[in-house]
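*Asks:* The lines below spell out each chain.
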Amino acid sequence: MSQAMFELLLKGLWETAVMTAVSGALSFFFGLPLALVLVTTDRGGIFENLSVNRILGGIVNALRSVPFIILLVAVIPITRLLVGSAIGIAAAIVPLTIAATPYFARIAEVSLREIDRGLIDAARAMGATRWTILREVLVPEALPGIVSGFTVTLVTLIGASAMAGAVGAGGLGDIAIRYGYQRFETAVMVAVVIVLIIMVCGLQAFGDWIARKIDHR
Amino acid sequence: MNAPNLIAHLPESVGLHGISRSFGTSVALHDITLSIKRGEIVGLIGRSGAGKSTLIRILNGLDKPQSGQVVISGQDITDLDEQALQPIRRRIGMIFQHFNLLSAKTVAENVALPLKIAGQRPEQRRKRVLELLDLVGLADKAHAYPAQLSGGQKQRVGIARALAPDPVLLLSDEATSALDPETTGAILDLLARVNRDLGLTVLMITHEIEVVRQIAHRVVVLDGGRVVEQGPVARVLASPQTEITRALVRGLSPSLPADLAAQIQPQGAQAVLRVDVYGASARLPILSQISDITGHPARLLHGGLNDVQGEPYGRMFIALGTHDAAKLAQVIAALTPISVGLEVLGYVASDV
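Each protein sequence line maps, in turn, to chains A and B. For the first sequence, position 34 matches number 34 in the working numbering, and the numbering has no gaps at all. Basically the working numbering = 1-based index in the second sequence + 1000.
Everything labelled a hint here was simulated from the structure, so no lab data went into it. Predicted, not measured: the structure shown is a model, and the values here were computed from it. Think of the CB as a built atom: it goes at the ideal place given N, C-alpha and C, for glycine as much as any other residue. Where hints are given, some of them may not hold.
Ranges of calculated distance between the beta carbons of each label pair, as one might list FRET restraints [claimed, not checked]: (1) A:64 / B:1250: 54 to 62 Å; (2) B:1035 / A:50: 33 to 41 Å; (3) B:1226 / A:118: 22 to 30 Å; (4) A:208 / B:1250: 52 to 60 Å.
The task is simple: from the sequences and hints, build the whole structure.
*Replies:* Dropping the structure here:
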């Protein structure tokens, strides 16, 4: 592999990492509160509000049911509005975040729902406010599951960012398609795949390690 | 030792007046009226589904009755909203069957949580947590996580946490039901000590009569959402009045063995009495009193005395040695004031 190709791969790796990290961080930032709202507004929740719950649940389901490749194109007007362009890394982050937020919210929701109701009762019996329950019970108790879910989300984002590459966002996916596929450079294709495997394995191992470290159950 | 009588003069800690609660068409509680005095340990016993858990949840406002009034330390909390209930709940400790400790927090952090909720500063909390862990004998486990503890240790943490904010009332929801008998004994000893040393009012709900026998001053029997019987533990054990109580105290309150019961006839050589006694009168020379009246030796066929927290109680099946109706009436007249339960079961042959 030539020096130029190596630099190309490095650039692609960097772009993929940036897309994954930024959209991952944003989907965590929006997805966790969304998950908390979904859990706490449900029947018997500490902020029970069924209409809010149904509406948000519907929006999440709607976004989750659109295949990413379609979402990517469909949100172009929003992308233009937010970042001024529909091409490039910044532009890819918008659809990636829109897709990953409900995805992560659903995963985090599962962890939050697994919390024993007795713990919430215990906190209520202590005279905790609902915000205290959120802060001291719900989030810390679900954290190991949330971290695992976030790892899964990041891995999914790496895959999705490769798709975003197809519409000119750069990154490893873009390189694989342009060089590996369209120019029949098999070596590039193989190199990209190996880099992706290492990236995903490393990320998964790191995520598992953190989740294990904070899990005292 | 006669705790129940001393307690009768103390102010009320908990008052329930005509509490009813149903879920859909099923009635969980029906017109419950109950008073718990300050410093008293009350055992609330009943089978599962009797309404015990609903009752305890109503006491700290986790559940609302459809009618009736809940008074805690003189304050009516029935109609308070969630926010107004919070300061009251901070003064009511609660321990649970499954401990309900936060797995992500250390023992010390678990115990500190109610203090944090009450707005105490970290230095204050640290000091209080150490005191409490010392009290429950877990000072060395402060930095362990609940998953590393045994069931008994977890419940000790639960108790320390419940005691942290200096509660006026401790609610125990089947706190020993998940523990082995030895650990149960140790946890009950701890609760009795806390009650004695801190003067804390304790309401224990349980389905185990043994728990009531070991530490309760008074027992309330709940069945089908109603209070069917209540009174000093020794009296209820000596002479359970209802079928459900008899079922619950089985083993602690003797019943006539089947072979003796089979020999009881409507007519016979000598009358058989069931005499239930508790307290000071349990130690009176009952057999010789009967003999003095009848002129025949009275015999104890079955039963005897037991004690609950130093208070004697017992049920005796006594053969009078005579079937003379006038003598029998005299015996009954003499025993009535000193017994809590008295029944002529029938007659048996003289050689029984």
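*Asks:* Next, verify each hint and record whether it holds.
*Replies:* For each hint, the structure was consulted:
1. A:64 / B:1250: 54 to 62 Å: holds (58 Å)
2. B:1035 / A:50: 33 to 41 Å: holds (39 Å)
3. B:1226 / A:118: 22 to 30 Å: holds (27 Å)
4. A:208 / B:1250: 52 to 60 Å: holds (53 Å)
Hint compliance for this structure: every hint is met.
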